[in-house]
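Chain X is fixed; fit chain L onto it per the hints.
Protein chains in written order, with the numbering used here: chain X, 2 to 174; chain L, 4 to 104.
To be clear, the hints were calculated from the coordinates, so they are not data collected in a lab. Just so you know, not all the hints are guaranteed correct.
[To be verified] Sample of chain L residues at the chain X side, in silico, Cβ under 10 Å:
hint	residue
1	F19
2	I33
3	A74
4	I84
Beta carbons: idealized from backbone N, C-alpha and C, even for Gly.
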Amino acid sequence: MDIYDVLFWGLSVMAVGCALGIILSRNPVNSVLFLILTFFAISGHYILMNAQFLAIVNIIVYAGAIMVLFLFVIMLMNLNADVEPQKGQLVQLAGVISGGVLFLVVLAAIKSARPEAMDRTSTDIGLINNLGRILFTKYVLPFEISSVLFLSAMIGAIVIGKKEHAHEAQKAE
Amino acid sequence: MPVNSTHYLFLSLLLFSIGIMGTLMRRNAIIIFMCIELMLNAVNLLLVAFSRIYGDADAQLFVFFIMVVAAAEVAVGLAIIVMMYRKVHSVDINILNRLKH
Chain X
2 MDIYDVLFWG LSVMAVGCAL GIILSRNPVN SVLFLILTFF AISGHYILMN
52 AQFLAIVNII VYAGAIMVLF LFVIMLMNLN ADVEPQKGQL VQLAGVISGG
102 VLFLVVLAAI KSARPEAMDR TSTDIGLINN LGRILFTKYV LPFEISSVLF
152 LSAMIGAIVI GKKEHAHEAQ KAE
Chain L
4 MPVNSTHYLF LSLLLFSIGI MGTLMRRNAI IIFMCIELML NAVNLLLVAF
54 SRIYGDADAQ LFVFFIMVVA AAEVAVGLAI IVMMYRKVHS VDINILNRLK
104 H
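Chain L on its own, in the form it takes in the complex:
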């Protein structure tokens, strides 16, 4: 069976689900960030696949914008994690529970 759009849908969905599992399973804030990057990349892969199928370059430009948002998110997010590490000397997200109180 030659590779078609369904294969890319399944691969992308699998990568996205692994990202969700990682986000829910781990307590290290940096790993959670990395899983979010993985989910963004799964979406990028699907956009490129559909750009290929329908011969449309617009989807590839959306991938660029997603990369911009991801880079901005990482810059701010890592700054917040570094700040949090300075305060509590840990990157354990359970410590952020105290924000509730």
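Chain X extracted, bound-state conformation:
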């Protein structure tokens, strides 16, 4: 039981506990905060696995940008009161059972997988130098396509968000 194992178990308990907090907390704002904590735990795992650049990107993009977007929407809609109607007990139980059954089935499938030892030596695979070189040589086409995807998502979000105003203006006329 060296420092790697201790960190692994600590981060895993944090990730799973916070993930349970997301689905169990009644207040959406608490759910968002729990999800941010989960992302921090996963970033800790990335650092542990020598993927330093990915860990930083995970924090900046997910915890920084996406989660702030979620918080904005929740605050905008004033959902921070516990007004959410709950599903019936039966439906919740069915959800838990379906998730648990999926867990058991995949667990049974991977139980016999051959364990591969984790390489504990430090490598520079996760550094930006190496990742950038591969991204702009081997994966340059997917990179460009994903930029187009981003642009279309941006335009789509603007169009969906603006539609209402145009409609109301038409009605007012």
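Quick look at chain L alone, frame taken from chain X:
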């Protein structure tokens, strides 16, 4: 027992299952979105673990592409949720049942 690939498989599977349970249990559309993010992150964790085991950087680039798709999905999805909130003043997914009729 030192940490090996099986540990990461179990952790990732556990996070994914929690995401599925949350998606099925909750009625708030925003929470369902967050559970989908959680599932995407479980997959990312597994990709990074295998990138570490096999010393291959390609898996880490796939994580970048998954992040791109997740960010695009969140932008469009939240716009749809805001639109829905403007129409029906609720983010309860059961109200979307009326799309069937």
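Taking the hints in turn, this is what the structure says about them:
no. : hint : result
1   : F19  : holds (8 Å)
2   : I33  : holds (6 Å)
3   : A74  : holds (6 Å)
4   : I84  : holds (7 Å)
In summary, the structure agrees with every hint in the numbered list given earlier.
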